[in-house]
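Undergrad: Using the sequences provided together with the hints, build the complete structure.
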Amino acid sequence: MSAHAVGVTTPPASRSALARSASRLRALPGSLVAGGALLAGFVLFGLLAPLVLGDPNKQDLNAAYARPGSPHHLLGADPLGRDVLAWVAGGVRVSLVVVVGVVALSALIGVVVGLVAGYAGGIVDATLMRIVDLQLAIPPILLFIAASAVISTTVLSLILLISAVMWVPYARLVRTQIQIERERSSVIAARLAGATRRRVLFAHLLPATSTLVLVLASLQAGFVVLWEAGLSFLGLGVQPPTTSLGYLIAQGREALGVAWWIIVIPGAVLALFVMSANLFGDGLRDYFGVDAELLEP
Amino acid sequence: MGGYIGRRIAQGLIVIVAAITISFALANVLGNPVDVVAGYNLSPQQRAQLVHAYGYDKPIAERYVTYVSKVSHGDFGQSLRNDDPAAQVVLHALPYTAVLVLGAILTACAVAIPVAIHSVLRRESRLDRVLRRGLALVQGVPEFWLALLLVLLFSVTLHWLPSIGASGVQSLIMPVLALSLPLMSTIVRLVRSQLVDVLGMDFITALRAKGLTMREIVFHHAVRNSLAPFVTFLALQLGWLVGGTILVENVFSWPGIGSLMVSATQVRDLTVIEACVVLVATAYVVLNLLADLAIAAIDPRVRVAAR
Numbered sequence: 001m002s003a004h005a006v007g008v009t010t011p012p013a014s015r016s017a018l019a020r021s022a023s024r025l026r027a028l029p030g031s032l033v034a035g036g037a038l039l040a041g042f043v044l045f046g047l048l049a050p051l052v053l054g055d056p057n058k059q060d061l062n063a064a065y066a067r068p069g070s071p072h073h074l075l076g077a078d079p080l081g082r083d084v085l086a087w088v089a090g091g092v093r094v095s096l097v098v099v100v101g102v103v104a105l106s107a108l109i110g111v112v113v114g115l116v117a118g119y120a121g122g123i124v125d126a127t128l129m130r131i132v133d134l135q136l137a138i139p140p141i142l143l144f145i146a147a148s149a150v151i152s153t154t155v156l157s158l159i160l161l162i163s164a165v166m167w168v169p170y171a172r173l174v175r176t177q178i179q180i181e182r183e184r185s186s187v188i189a190a191r192l193a194g195a196t197r198r199r200v201l202f203a204h205l206l207p208a209t210s211t212l213v214l215v216l217a218s219l220q221a222g223f224v225v226l227w228e229a230g231l232s233f234l235g236l237g238v239q240p241p242t243t244s245l246g247y248l249i250a251q252g253r254e255a256l257g258v259a260w261w262i263i264v265i266p267g268a269v270l271a272l273f274v275m276s277a278n279l280f281g282d283g284l285r286d287y288f289g290v291d292a293e294l295l296e297p
Numbered sequence: 001m002g003g004y005i006g007r008r009i010a011q012g013l014i015v016i017v018a019a020i021t022i023s024f025a026l027a028n029v030l031g032n033p034v035d036v037v038a039g040y041n042l043s044p045q046q047r048a049q050l051v052h053a054y055g056y057d058k059p060i061a062e063r064y065v066t067y068v069s070k071v072s073h074g075d076f077g078q079s080l081r082n083d084d085p086a087a088q089v090v091l092h093a094l095p096y097t098a099v100l101v102l103g104a105i106l107t108a109c110a111v112a113i114p115v116a117i118h119s120v121l122r123r124e125s126r127l128d129r130v131l132r133r134g135l136a137l138v139q140g141v142p143e144f145w146l147a148l149l150l151v152l153l154f155s156v157t158l159h160w161l162p163s164i165g166a167s168g169v170q171s172l173i174m175p176v177l178a179l180s181l182p183l184m185s186t187i188v189r190l191v192r193s194q195l196v197d198v199l200g201m202d203f204i205t206a207l208r209a210k211g212l213t214m215r216e217i218v219f220h221h222a223v224r225n226s227l228a229p230f231v232t233f234l235a236l237q238l239g240w241l242v243g244g245t246i247l248v249e250n251v252f253s254w255p256g257i258g259s260l261m262v263s264a265t266q267v268r269d270l271t272v273i274e275a276c277v278v279l280v281a282t283a284y285v286v287l288n289l290l291a292d293l294a295i296a297a298i299d300p301r302v303r304v305a306a307r
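Protein chains in written order, with my numbering: chain A, 1 to 297; chain B, 1 to 307.
No lab work stands behind these hints: they were computed from the structure.
Because the structure is a prediction, the values reported are computed rather than measured.
One thing to keep in mind: the hints can contain errors.
Said to hold, decoys possible - Distance windows between CB atoms, simulated: (1) A:Gln179 with B:Val99: 33 to 43 Å; (2) B:Arg7 with A:Asp286: 35 to 45 Å; (3) B:Arg7 with A:Leu108: 27 to 37 Å; (4) B:Ile298 with A:Ser152: 46 to 56 Å; (5) A:Leu160 with B:Leu121: 46 to 56 Å; (6) A:Leu156 with B:Val267: 19 to 29 Å; (7) B:Gly3 with A:Ala27: 47 to 57 Å.
What the hints assert, rightly or not - So the derived list for chain A, only partly shown, Cβ under 8 Å to chain B, looks like this: (8) Asp133; (9) Ser148; (10) Ala149.
Said to hold, decoys possible - A few chain A positions that, by computed beta-carbon distances, are all more than 12 Å from chain B: (11) Gly36; (12) Gln177; (13) Phe202; (14) Pro241; (15) Tyr287.
Beta carbons are placed, not taken as given, at the ideal position from N, Cα and C, and that holds for glycine.
TA: Encoded structure:
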């Protein structure tokens, strides 16, 4: 105020930058900010908490069934005296690894197949559409269960297994979008100007799908978290000592009458994780103004 | 119309053949079926005997042809657990899963459709917002965890309902609730956007001009007109619903496909697993075909477009 009074213009650079970014933040959809903040929290929790909390597999039979709020077990302990908080943190970490792996791999496969099908059409396209039908007809979880009867599940095989199913929505989305984009006058002009097929695909068509793929990927993340947890709950996902929220919930089931916290706490974390991923995905969709119907399964 | 049905049947058959192929590939390509069936503690002679007895020493193409021709006659072989025909084991479990899925859809619709109609009639009222936000919140909750919470509340704490098994209507309550709650928000959104679309059409304006109230229009005209896409959606969702059902069945030891599949996995009962994959896909194809026919019956526009 006093600066104005003496007529000196002193733009408080840092504050205005802060104010600008704050107003920019306000312009974002609320769900994007809230979901993003929650997800960032989960990433930090999954990365850092296991370092602080120590080995989640450490058994301490004296602490078996320790209630939440116990001095050494803030969120209680399971029937083997394993710390619920440490196990939950480890479970979130494994979930994150699986989500990142599956989203990256399935998006990659899906985009490539969608590009080819949308651009080339013909038999590739017809085959793809039958695969889409097929994927809707066989519940993915049935395939996961059947496959886990044959192969042993590790984090890597779980990523491959889930990706083998999850690429289909990307392929379908990209295919539809490419079919629209390739008829645009800019693309036709590029073709007429002598651009190679490769250049048309990668410089003109692919960038046009990137927003959609990003939004779809963020919306799929929640499903991946659910599937990993569900399979581990059935005893068909990653095996101990690898930590998983689903496995812990299954452990809690054995002690349902005596130790509610072994079910309620990891399940609540799981639900919150899925919800923040969905919230973030919805926010991203609104931010980019993507039509929701385009993304329906 | 005849051509349309023929085309849909042909597409359905392709899906079924592909499901048969996938089930064969899972058992024969991903791993070695003999090891899966027998475990890993066999002497070489025993192993060779077993390989011969099951016909696994024949080339894979020949095995595939044999498998397809047997399966197309409904013969999946014997369950490796107790020598019952695998198809029969699966068909015995299928109705239990069907009851859960159907119960979940009906319950979800019974709540979601009135909420959607209310939402259209009283757009952005407080009740509308509370209901839709609340249902959206439950959407992300894993069904199997919800099921366990219900058990914790109604069985362990209140002793109102049996926590496991399939004995009568009361053992249906918790599994159906766990499956339908997360489904409601999706149905509300779908029915609502359908209704909004229909309400924007010219014939609605004509009805308004005729002097009908919004209420009459929604109940007598808009709901019926938004039914067709809704039936398609439900039929498409079946596959996903079965996924949740499998986990929830496991919580309640409900004797459906999910429990069967998981226990078959534990003892590596490959024939039952194969039969599950193929028969569930077949059930899905048949249901979708029926849904398409139902829509063609409800909605004359589909009949015209399909010609």
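Undergrad: Identify every previously stated hint that the structure contradicts and give their numbers, smallest first.
TA: none
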